[in-house]
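Asks: Each chain is listed here by its residues.
There are 2 protein chains.
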Amino acid sequence: MTVLEQERIQTQSTSKTFRVIGRRVPRPDGVDKVTGRAQYGADVKLSGMLYGKVLRSPHAHARIVSIDTREAEALPGVKAVITGKDFKPAEDRVERSGEGVVNYSYLSQNVMAQDKVLYHGHAVAAVAATNPHIAEEALARIKVEYEVLPPVLDVLEAMREDAPILLPNLRTRELGEPVSDRPTNIASHEQYARGDVERGFAEADVIVEREFRTSTVHQGYIEPQNATALWNADGFITVWTSTQAAWDERRELSEILHVPISNIRVIPMEIGGGFGGKLNVYLEPLAALLSLKAGHRPVKMWMQRDEVLKATGPTSASVIRVKVGARRDGVITAAQAWLAYEAGAFPGSPVGAGMGVIFAPYRLENLLIDGYDVVVNKPAAKPYRAPGGTNAAFASETVVDELAEKLGMDPIAFRRINAAKEGDRRADGPVYGRIGYIETLDAIANHPHYRSPLPAPSAPWCRVGRGVASGFWFNWDGKSSASAIVNPDGTVSYLEGSTDIGGTRASLAMQLAETLGIDYTDVRPMVGDTQTVGYNDATGGSRTTYGSGIAAYHLGKAIIRAMKERAARLWDVPAEDVDVDGDTYCYGERCITFKALCAKLEETGGPLSVSVSVDTHGAIPALATHVVDVEVDIETGKVSILRYTAAQDVGRAIHPDYVEGQIHGGVAQGIGWALNEEYVYDADGHLLNASLLDYRMPTALDLPMIETVLVEVPNPNHPFGVKGVGEVPIVPPAAAIANAIYRAIGVRMTTLPMKPSAILKALGTIP
Amino acid sequence: MTVLEQERIQTQSTSKTFRVIGRRVPRPDGVDKVTGRAQYGADVKLSGMLYGKVLRSPHAHARIVSIDTREAEALPGVKAVITGKDFKPAEDRVERSGEGVVNYSYLSQNVMAQDKVLYHGHAVAAVAATNPHIAEEALARIKVEYEVLPPVLDVLEAMREDAPILLPNLRTRELGEPVSDRPTNIASHEQYARGDVERGFAEADVIVEREFRTSTVHQGYIEPQNATALWNADGFITVWTSTQAAWDERRELSEILHVPISNIRVIPMEIGGGFGGKLNVYLEPLAALLSLKAGHRPVKMWMQRDEVLKATGPTSASVIRVKVGARRDGVITAAQAWLAYEAGAFPGSPVGAGMGVIFAPYRLENLLIDGYDVVVNKPAAKPYRAPGGTNAAFASETVVDELAEKLGMDPIAFRRINAAKEGDRRADGPVYGRIGYIETLDAIANHPHYRSPLPAPSAPWCRVGRGVASGFWFNWDGKSSASAIVNPDGTVSYLEGSTDIGGTRASLAMQLAETLGIDYTDVRPMVGDTQTVGYNDATGGSRTTYGSGIAAYHLGKAIIRAMKERAARLWDVPAEDVDVDGDTYCYGERCITFKALCAKLEETGGPLSVSVSVDTHGAIPALATHVVDVEVDIETGKVSILRYTAAQDVGRAIHPDYVEGQIHGGVAQGIGWALNEEYVYDADGHLLNASLLDYRMPTALDLPMIETVLVEVPNPNHPFGVKGVGEVPIVPPAAAIANAIYRAIGVRMTTLPMKPSAILKALGTIP
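Chains as they are written, first to last, in the numbering used here: chain A, 1 to 767; chain B, 1 to 767.
No wet-lab data here; the hints were simulated from the structure. Glycine included, every Cβ here is placed at the ideal spot set by N, Cα and C. Among the hints, erroneous ones may be present.
Counterexamples of contact, computed for chain B against chain A with all Cβ distances above 10 Å [to be verified]: (1) Arg56; (2) Ala202; (3) His258; (4) Asn487; (5) Thr532; (6) Ile560; (7) Gly606.
Computed spacing ranges between beta-carbons, pair by pair [claimed, not checked]: (8) A/Pro574 to B/Arg171: 25 to 35 Å; (9) B/Thr584 to A/Arg561: 50 to 60 Å; (10) B/Ala575 to A/Arg590: 44 to 54 Å; (11) A/Lys595 to B/Gln10: 41 to 51 Å; (12) B/Gln10 to A/Lys600: 19 to 29 Å; (13) A/Gln39 to B/Asp694: 50 to 60 Å; (14) B/Lys406 to A/Asp234: 50 to 60 Å; (15) A/Pro260 to B/Val580: 46 to 56 Å.
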């Protein structure tokens with residue numbers, strides 16, 4: 001494979017030169033990861049450690065009549081068995097957590113079923129034993145009597161009045177309405193409205209209206225969930241785990257286990273992928289309770305792949321109806337959407353985010369968006385990279401493409417007419433800051449890919465097409481803390497608290513080095529835990545390089561203030577008269593470098609260590625435009641990706657490799673979601689493809705080299721202009737590919753995945 | 001055993017009431033330690049870990065002709081073998097380290113012999129293998145050819161011009177003199193002089209002059225030295241070790257291995273005793289080099305007990321001559337001392353400290369003190385609790401007792417006449433601050449123990465006596481850093497960097513809680529490492545509760561400043577108008593507690609984390625007076641301790657249990673040193689008693705309950721009045737016991753240990 005020279009487009013205001021930022025420096029965790037030295041949850045080994053396993057429901061919907069654990073407990077080597085009865089109910093209270101919200105009562109019931117199981121794979125009991133084999137054997141000796149109930153597996157069916165009810169106490173929360181007293185599977189109905197859509201549609205020359213369906217898909221991180229917990233005899237709990245959100249997990253453990261947060265230390269290990277799926281606890285509370293019950297011995301647990309797919313949170317299947325009207329001059333006059341997202345077993349689908357994403361790239365005077373969060377007998381949905389966004393954009397961007405086609409306009413030109421820019425108001429309320437959406441449209445319009453003719457089909461039974469789609473993601477602010485130690489050898493030990501998933505040790509160390517005017521290699525980053533570094537919000541919401549970057553900047557500024565004082569003390573002059581330029585501190589003619597000043601710490605007041613915490617409020621959304629060329633084999637229905645180019649407003653690419661990596665990863669996942677990935681259930685709600693052989697994620701062989709254009713429209717609210725980059729790349733691919741397929745075969749695809757059988761059905765080749 | 005009610009004497013200025021300080025609160029590490037859950041170096045387990053063992057010299061003095069490691073390397077399972085040739089020479093440079101100084105060149109040669117071995121047990125090679133048995137087996141296959149040289153084992157013999165020379169390049173460093181060009185074993189000669197001792201002795205009515213000898217003794221910590229090191233493929237080294245001084249060890253590793261300090265992370269594990277013996281590296285550089293040579297696999301090493309005794313640093317044997325004269329009215333007119341301390345194989349005995357200690361309790365107009373640091377073929381001496389002090393006080397306090405006796409004065413009354421107080425100048429230069437020496441004399445004079453008659457002997461062949469002695473220790477200032485995270489539940493996670501040996505997690509958390517006006521249990525202390533918390537000097541020099549306590553205080557003040565800002569933001573008032581009283585923040589009538597304000601962090605600016613570093617300059621020396629009753633069995637020579645009372649100026653007892661514990665421990669060690677402990681060598685320099693069966697430390701059965709009087713004369717330079725308490729308790733015991741023995745049997749003992757054979761010799765019972 002040829003590595004293409006990737007493009008970067010910098011707006012005028014980015015022309016400032018940096019010392020470190022924008023360079024493709026080596027990653028600090030690289031050697032550890034390629035030599036197998038990095039410590040993941042699987043590497044945790046503690047004295048007297050036990051091994052925990054989970055018994056899971058074989059039914060999608062059933063009442064637990066009884067659980068008899070006596071035989072399991074009697075098995076030599078078994079040290080503890082827990083069931084739902086070991087859990088004291090958690091509060092029915094909703095708090096922000098990672099990218100979404102969490103209801104602690106539901107979270108607790110998801111971690112271990114109480115009186116009902118709500119999906120195939122729902123945990124019903126857990127065992128800790130001296131080795132994993134004994135624990136497995138003990139699971140087989142637990143007798144659970146179930147009263148099997150009919151499951152409901154489809155969002156529209158679940159919304160029917162006569163549907164089987166999952167949660168007897170669930171009532172629809174309607175915006176501004178009193179809560180109904182009727183049991184329901186509809187957890188909430190929310191609405192965004194602006195202007196008058198009826199009038200808008202009346203003004204339209206062309207209207208397109210379609211219904212779309214998307215399947216349940218999983219984040220597909222390679223490292224399964226794992227957790228080792230020690231509930232110590234002094235009441236303190238330590239948990240080593242693979243997580244994106246150590247502080248959120250601490251709070252969740254506190255709520256589920258009824259232990260104060262400050263009695264819980266969560267140590268985030270290296271993480272083998274999360275994508276939103278590791279923001280919440282699964283095994284952690286089980287391991288902790290088993291540890292307690294086993295007499296304060298550490299308990300290690302990890303999931304098998306089938307458990308990951310069955311019982312952790314995939315993202316929602318959905319049904320989305322979109323209607324958009326436009327005038328002949330290309331101006332959209334009205335846009336309406338109806339979204340119903342499957343929450344899985346407990347309320348909490350990302351339908352709200354889908355509502356925000358669905359028309360976000362466009363300036364709209366008349367809009368009406370209704371969203372429904374609906375429980376079904378599938379695992380509880382959890383965030384997945386731009387949660388809810390891909391579903392929404394698949395629907396809206398297909399309709400936008402069709403509108404452009406019907407108006408005889410270039411799809412980019414049509415989008416450009418309606419494109420949102422700074423000062424426009426989003427459907428969900430906020431006014432846009434300095435976004436770079438139009439710049440991404442122009443970047444694609446001017447890109448050699450878009451300007452080149454389509455390649456010829458590779459065989460007579462193949463058709464080629466090119467599709468375009470745009471995408472939006474909110475980008476989260478959040479809170480970050482960090483600490484630094486200034487070493488006498490001129491280096492800075494840097495302790496940050498954001499789990500490093502996508503290279504943030506590098507991107508944060510770079511921002512600290514830039515602030516201090518020192519070399520990148522003189523900053524030594526390390527990820528702390530809930531006990532060693534101040535509070536950090538989750539690595540999620542595309543916030544880390546942005547928000548923890550602001551913390552790094554303020555940390556640098558605090559170090560500079562302190563170093564000015566040290567220089568002042570060295571020269572016996574007022575600190576406010578010491579000037580700093582890059583790494584050089586001067587008082588008149590007298591100058592000293594940062595490194596030289598570090599060597600003088602001893603004589604100017606001793607060691608220097610600094611901590612900062614920040615609450616950030618200046619994130620700016622990410623927008624992207626993608627173009628894809630596909631080839632459709634009309635005999636087999638297989639879709640091949642021939643060429644893929646993604647232009648994205650990244651604000652400022654701190655480390656371009658990683659930014660490109662985020663785009664590559666997001667696009668690759670979007671392609672999988674578009675073409676292959678789906679949860680397949682039988683009528684009784686059994687997941688039939690709970691393995692990576694049957695749940696088909698794309699491999700390198702399925703993908704071309706993804707080309708990127710980093711459009712840098714700096715965020716004026718960030719010292720270096722950073723905008724979150726990690727999530728929006730997954731938003732456009734499904735729509736872009738659907739639009740390309742349409743251009744190839746003349747059929748609008750309205751279901752995901754667009755697998756061969758779906759293509760053949762759409763072509764009428766098979767019924 | 002009955003636990004006696006311990007006495008505390010508070011001076012007027014200590015009457016201030018505290019919320020937390022002075023209480024006997026539970027220790028935060030208690031449960032972990034009694035349940036075996038605390039993680040010591042022996043508990044470190046890493047993937048792919050190898051086990052390292054050291055080959056040690058069977059000779060006390062020899063030239064290494066050759067080392068053939070081929071057979072060892074060929075043994076299956078052996079992954080690396082190192083010898084002195086794997087070490088690049090370290091710089092011949094002296095820096096402060098822990099309680100003493102360190103010369104990196106000598107330290108490196110001590111860690112692994114180069115061309116010569118200088119003591120029995122000196123490391124000559126090391127092996128890493130897949131298990132410890134293979135490593136042991138490999139040691140047996142290393143062939144070392146030695147040219148054996150005559151050893152010198154006694155300080156006076158080593159000072160002779162014709163003595164065997166250990167270090168051919170060593171030259172005497174004489175104060176103010178050009179360096180001689182003659183090879184020598186005398187590393188340095190220093191002198192303190194004041195007034196005119198000749199004139200002083202001329203003015204004296206009574207003069208006592210004696211020569212004393214003390215033996216080599218070991219700190220006797222129970223946990224042997226251990227270290228696990230990973231020299232990673234990216235050039236970064238991580239070391240898990242039992243140490244008092246993570247940052248000093250980092251610097252030593254840097255110098256020995258020629259790696260920048262910021263590439264080295266030293267993680268201090270829980271420590272099973274140090275007493276000064278774990279301030280410097282032994283196994284750490286070996287484990288690191290083996291790790292490098294074994295292809296970046298972690299290597300774990302630990303010493304056997306015989307290795308600890310043979311090859312780590314005991315404290316110096318010494319010869320001390322003391323001459324003191326006094327007038328009939330009890331005023332000392334002149335004091336002279338000559339001290340020669342064995343440094344062991346490399347320069348660095350604590351003779352300088354001995355010179356400072358020897359007459360420190362007294363106000364002296366005329367003094368002359370000469371000290372010699374002398375190398376001999378024994379392990380390199382390392383600090384041991386008040387290094388050099390016990391030897392010195394044994395000599396001087398015996399002479400002072402004899403002077404009092406000759407003058408017909410009560411030994412306490414005689415000391416009181418000459419007692420140093422605030423404003424007096426010490427022999428080593430500094431002027432005393434607010435010391436409480438006289439208060440300790442008064443405390444003993446008034447104590448029921450001193451006022452009670454001696455008990456009757458338990459048998460006709462037994463004699464009883466009571467002895468008194470005083471002691472001084474400098475107490476070190478040094479540097480400390482700490483960090484804190486304020487949690488929304490009102491607790492504070494507190495990260496300190498001082499190895500907790502004597503309960504400093506508790507004593508520091510108490511000072512932070514006191515500063516914040518919150519409960520002790522709301523501060524959650526934890527010990528960090530060189531990467532997670534700012535620079536901390538060693539836990540040594542009795543500095544931790546004092547110096548890291550100042551850091552805790554400033555950390556608390558920084559939190560209070562930040563919390564005032566949060567309260568101000570909550571009420572929208574100026575921060576400078578918010579008042580704080582205890583845990584309550586008020587603006588006029590509006591008040592909020594610390595805990596309630598913590599719950600408002602989210603809405604007043606987000607999370608809060610704080611770091612501070614301090615360089616302290618207000619330590620005040622510790623002084624103590626001890627009284628002991630002994631019974632001497634004149635048939636066997638055995639000395640039994642009947643009753644022991646120690647009065648000490650502790651400044652302020654933050655946690656009285658721990659302060660008493662320090663006194664108990666120091667006295668117990670002093671009793672061992674006085675009566676039983678010594679290194680026994682044969683004429684060839686082989687250590688004959690390298691086990692705890694033969695190296696006799698006192699057990700609980702050998703000791704009475706030690707009574708303590710905590711005299712609290714607060715240190716005005718410390719926010720809570722703390723003075724270092726850990727070391728001075730070991731200074732008086734040997735002298736106090738010698739004086740008691742004299743009162744029992746009428747013979748002045750001038751050698752340590754005062755073992756049965758020495759008593760019988762002194763009595764003339766045996767030759």
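Asks: Against this structure, judge whether each hint is valid.
Replies: A quick look at each hint next to the structure:
1. Arg56: About 29 Å separates B/Arg56 from the closest Cβ of chain A, which puts it past 10 Å; holds.
2. Ala202: B/Ala202 clear of chain A: closest Cβ-Cβ about 46 Å, beyond 10 Å.
3. His258: The assertion about B/His258 holds, with a minimum of 13 Å to chain A.
4. Asn487: 5 Å, violated
5. Thr532: 5 Å, violated
6. Ile560: 15 Å, holds
7. Gly606: B/Gly606 not clear of chain A: closest Cβ-Cβ about 3 Å, inside 10 Å.
8. A/Pro574 to B/Arg171: 25 to 35 Å: 47 Å, violated
9. B/Thr584 to A/Arg561: 50 to 60 Å: Roughly 31 Å apart at Cβ, these two residues miss the hinted range, so it is violated.
10. B/Ala575 to A/Arg590: 44 to 54 Å: 35 Å, violated
11. A/Lys595 to B/Gln10: 41 to 51 Å: The hint (41 to 51 Å, Cβ to Cβ) holds, given that A/Lys595 and B/Gln10 are roughly 49 Å apart.
12. B/Gln10 to A/Lys600: 19 to 29 Å: This hint is violated: roughly 42 Å between Cβ atoms.
13. A/Gln39 to B/Asp694: 50 to 60 Å: 43 Å, violated
14. B/Lys406 to A/Asp234: 50 to 60 Å: 58 Å Cβ-Cβ, so the 50 to 60 Å window holds.
15. A/Pro260 to B/Val580: 46 to 56 Å: 24 Å, violated
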